[in-house]
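Colleague: Build the full structure now, drawing on both the sequences and the hints.
The listed protein sequences correspond, in order, to chains A and B. 1 is the number of the first residue of the first sequence in this note's numbering; add one for each residue after it. 1 is the number of the first residue of the second sequence in this note's numbering; add one for each residue after it.
These aren't lab readings, by the way, just hints derived from the structure by calculation. Just so you know, these numbers come straight off a predicted model, no measurement behind them. Beta carbons: idealized from backbone N, C-alpha and C, even for Gly. A couple of the hints might just be wrong.
Taking lysine-lysine pairs in the DSS-like style, the calculated list, with each CA pair at most 27 Å apart, reads [said to hold, decoys possible]:
#	chain 1	residue 1	chain 2	residue 2
1	B	Lys153	B	Lys107
2	A	Lys55	A	Lys76
3	A	Lys299	B	Lys76
4	B	Lys76	B	Lys107
5	B	Lys299	A	Lys185
6	A	Lys107	A	Lys76
7	B	Lys55	B	Lys76
8	A	Lys299	B	Lys185
9	A	Lys153	A	Lys185
Going by beta-carbon spacing under 10 Å, a handful of chain B positions derived as facing chain A [claimed, not checked]:
#	residue
10	Pro109
11	Ala184
12	Asp204
13	Gly206
14	Ser217
15	Leu221
16	Val226
17	Arg261
18	Leu300
19	Thr301
20	Phe303
Protein chains: 2
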Amino acid sequence: MSLLVVGSVAFDAVRTPQGSVERMVGGSATYFALAASYFTQVRVVGVVGEDFEEKHHQVFRDRGVCTEGLERVSGKTFFWSGEYSPDMNDRRTLDTQLNVFATFQPKLPAHYRQTPFLFLGNIDPELQSSVQRQMVSPQLVAGDTMNFWIEGKRAELEVTLRNMNLLIINDSEARLLSGEYNLAKAARVIRALGPHTVVIKRGDNGASMFQEDEVFSVPALPLEEVHDPTGAGDSFGGGFMGYLVSHSTEGNSTGRNFFRRAVIYGSVMGSFAVERFGLERLRHLSRPEIEARFEEFRKLTRFE
Amino acid sequence: MSLLVVGSVAFDAVRTPQGSVERMVGGSATYFALAASYFTQVRVVGVVGEDFEEKHHQVFRDRGVCTEGLERVSGKTFFWSGEYSPDMNDRRTLDTQLNVFATFQPKLPAHYRQTPFLFLGNIDPELQSSVQRQMVSPQLVAGDTMNFWIEGKRAELEVTLRNMNLLIINDSEARLLSGEYNLAKAARVIRALGPHTVVIKRGDNGASMFQEDEVFSVPALPLEEVHDPTGAGDSFGGGFMGYLVSHSTEGNSTGRNFFRRAVIYGSVMGSFAVERFGLERLRHLSRPEIEARFEEFRKLTRFE
Numbered sequence: 001m002s003l004l005v006v007g008s009v010a011f012d013a014v015r016t017p018q019g020s021v022e023r024m025v026g027g028s029a030t031y032f033a034l035a036a037s038y039f040t041q042v043r044v045v046g047v048v049g050e051d052f053e054e055k056h057h058q059v060f061r062d063r064g065v066c067t068e069g070l071e072r073v074s075g076k077t078f079f080w081s082g083e084y085s086p087d088m089n090d091r092r093t094l095d096t097q098l099n100v101f102a103t104f105q106p107k108l109p110a111h112y113r114q115t116p117f118l119f120l121g122n123i124d125p126e127l128q129s130s131v132q133r134q135m136v137s138p139q140l141v142a143g144d145t146m147n148f149w150i151e152g153k154r155a156e157l158e159v160t161l162r163n164m165n166l167l168i169i170n171d172s173e174a175r176l177l178s179g180e181y182n183l184a185k186a187a188r189v190i191r192a193l194g195p196h197t198v199v200i201k202r203g204d205n206g207a208s209m210f211q212e213d214e215v216f217s218v219p220a221l222p223l224e225e226v227h228d229p230t231g232a233g234d235s236f237g238g239g240f241m242g243y244l245v246s247h248s249t250e251g252n253s254t255g256r257n258f259f260r261r262a263v264i265y266g267s268v269m270g271s272f273a274v275e276r277f278g279l280e281r282l283r284h285l286s287r288p289e290i291e292a293r294f295e296e297f298r299k300l301t302r303f304e
Numbered sequence: 001m002s003l004l005v006v007g008s009v010a011f012d013a014v015r016t017p018q019g020s021v022e023r024m025v026g027g028s029a030t031y032f033a034l035a036a037s038y039f040t041q042v043r044v045v046g047v048v049g050e051d052f053e054e055k056h057h058q059v060f061r062d063r064g065v066c067t068e069g070l071e072r073v074s075g076k077t078f079f080w081s082g083e084y085s086p087d088m089n090d091r092r093t094l095d096t097q098l099n100v101f102a103t104f105q106p107k108l109p110a111h112y113r114q115t116p117f118l119f120l121g122n123i124d125p126e127l128q129s130s131v132q133r134q135m136v137s138p139q140l141v142a143g144d145t146m147n148f149w150i151e152g153k154r155a156e157l158e159v160t161l162r163n164m165n166l167l168i169i170n171d172s173e174a175r176l177l178s179g180e181y182n183l184a185k186a187a188r189v190i191r192a193l194g195p196h197t198v199v200i201k202r203g204d205n206g207a208s209m210f211q212e213d214e215v216f217s218v219p220a221l222p223l224e225e226v227h228d229p230t231g232a233g234d235s236f237g238g239g240f241m242g243y244l245v246s247h248s249t250e251g252n253s254t255g256r257n258f259f260r261r262a263v264i265y266g267s268v269m270g271s272f273a274v275e276r277f278g279l280e281r282l283r284h285l286s287r288p289e290i291e292a293r294f295e296e297f298r299k300l301t302r303f304e
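Modeller: Spelled out as structure tokens, the structure:
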């Protein structure tokens, strides 16, 4: 089983209280793909510029991620620069250069079209819909969005949502999209727009998953050392979807516990992401490390 | 086994987006006592004025709470008035009239001095210490504090903390007291000041408990209807302590699961408190309702 992700591949410059990096490979599709790569075969659809060199491609190859759908065009790669507040709970964007991303038109290689699982990163909802149209009867369509599209392309986003089974967004996006501050109400409103499952990421307050007759919540792992929160949410998405895909052929793949375990694997990958700058931690994990952290979540939350 | 709580008994006026109440019995010791009363025998030490009538005392009596330590003096009862923001995550104090509380000097009735479990509400740390001195070798001393004392009476608070086994505070208080934003670090700093257990309440983000080699976190129950957040934290404390006291003679009273269950019962009582205005919900609960909600927390958090 394989998983297709479409979204941004970028260079990031990041400053946090723990240090700074002037230029490193980033982008939401990158974090997602690397996190998911520990669970399943991942294909990336995105665009990079001429400055995206062989060594940068290696970030994907080292994790066995297929980059055939990563188009390389003339111009420069999407660049984002940001600075985190002392408590790391807020960040300020210092610079955004869309570059080749400004004219991105996702084109799926022919053999990508039958990928059973699709994740639509938080790109323009019109591009999300274009990808949906290029796919041949996917088994599950999941996605993300962001405040910029919720405010600026609401109608187009609602079209995309109608054909989405699962939405993974953060709490402020859920509030903006639904018009409800209360997250239980927000999830109910969003589910009425299409997705049967809404996963709400709450940063260092954990995550909650809302389904028809089910709510599941997990707190965040209380980490003493957070180096760089960039990509934590995308890594959550990658862990969540990666687990879903890798276990989707098992008997209880629609069961309650199946989706709950996916939330935990999402939380696991998010917690790894923030421990080092950029992709550093996500590039060099092992399955035993991932399983050990899964057990940490069990220890953190279990009571009899 | 019985539990002594010292703290404020007040009249509250509260406005929330769900409605308003002009005058009702409140105060942190009141919420604490009522929540704890479902688990154990509770004794209240506090002060009220002449306006605190027989019908107001009935709030305690109906729940079997002993008010022999609730001194009645000439003057008016402590009055607090506040208004919650539309999302209920912030509140603004409209009026505070300390009245008889301004000169409160807790005096324990003779037979209260050997109460095995003590909870020091968030009063002046000098008064907390005075209560500690009046007690005869309590089995466990727990307490709370608030930003006003952390900033204004730091040295006195540190004296109180040295003789406290368990501190139950909210996240902003933990950050201010420790000088650390990160809650895992904050708990470590606070534990070094005295308490072996630090429970950090995070409002609608749940609660975390830090012990020597243990962390336990529970998310909040996603409630769609919140009428009045007043007293939720105090009700958490009452549920937590009430459970500890009622089960302290059992074999595994020092075990890991014992304290974890206390956090859940605290969360249960906090979740009930916010469902109605003031004490309304806490006055008329039943043990089956409490146990059913305990099971809701299990359903919310359990994965295999």
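Colleague: Please go over all the hints and tell whether each is borne out by the structure.
Modeller: Verification of the supplied hints:
1. Lys153/B - Lys107/B: The hint holds at about 21 Å.
2. Lys55/A - Lys76/A: 16 Å, holds
3. Lys299/A - Lys76/B: At roughly 50 Å apart (the allowed maximum being 27 Å), Lys76/B and Lys299/A break the hint.
4. Lys76/B - Lys107/B: Measuring from Cα to Cα gives roughly 19 Å; hence the hint holds.
5. Lys299/B - Lys185/A: 19 Å, holds
6. Lys107/A - Lys76/A: 19 Å, holds
7. Lys55/B - Lys76/B: 16 Å, holds
8. Lys299/A - Lys185/B: 19 Å, holds
9. Lys153/A - Lys185/A: Given that 27 Å is the threshold and the Cα spacing comes to 22 Å, the pair holds.
10. Pro109: 37 Å, violated
11. Ala184: At 4 Å from the nearest chain A Cβ, Ala184/B passes the 10 Å test, so the hint holds.
12. Asp204: Holds, about 8 Å.
13. Gly206: 6 Å, holds
14. Ser217: This interface hint holds because 4 Å falls under the 10 Å limit.
15. Leu221: 8 Å, holds
16. Val226: 7 Å, holds
17. Arg261: At about 6 Å, which falls below the 10 Å cut-off, the nearest Cβ of chain A leaves the hint on Arg261/B intact, so it holds.
18. Leu300: 5 Å, holds
19. Thr301: Check passed: Cβ of Thr301/B comes within 5 Å of chain A, closer than 10 Å.
20. Phe303: This hint holds: Phe303/B lies near chain A, its Cβ roughly 4 Å from the closest one there, short of 10 Å.
In summary, the structure is inconsistent with hints 3 and 10 from the numbered list given earlier, while agreeing with the others.
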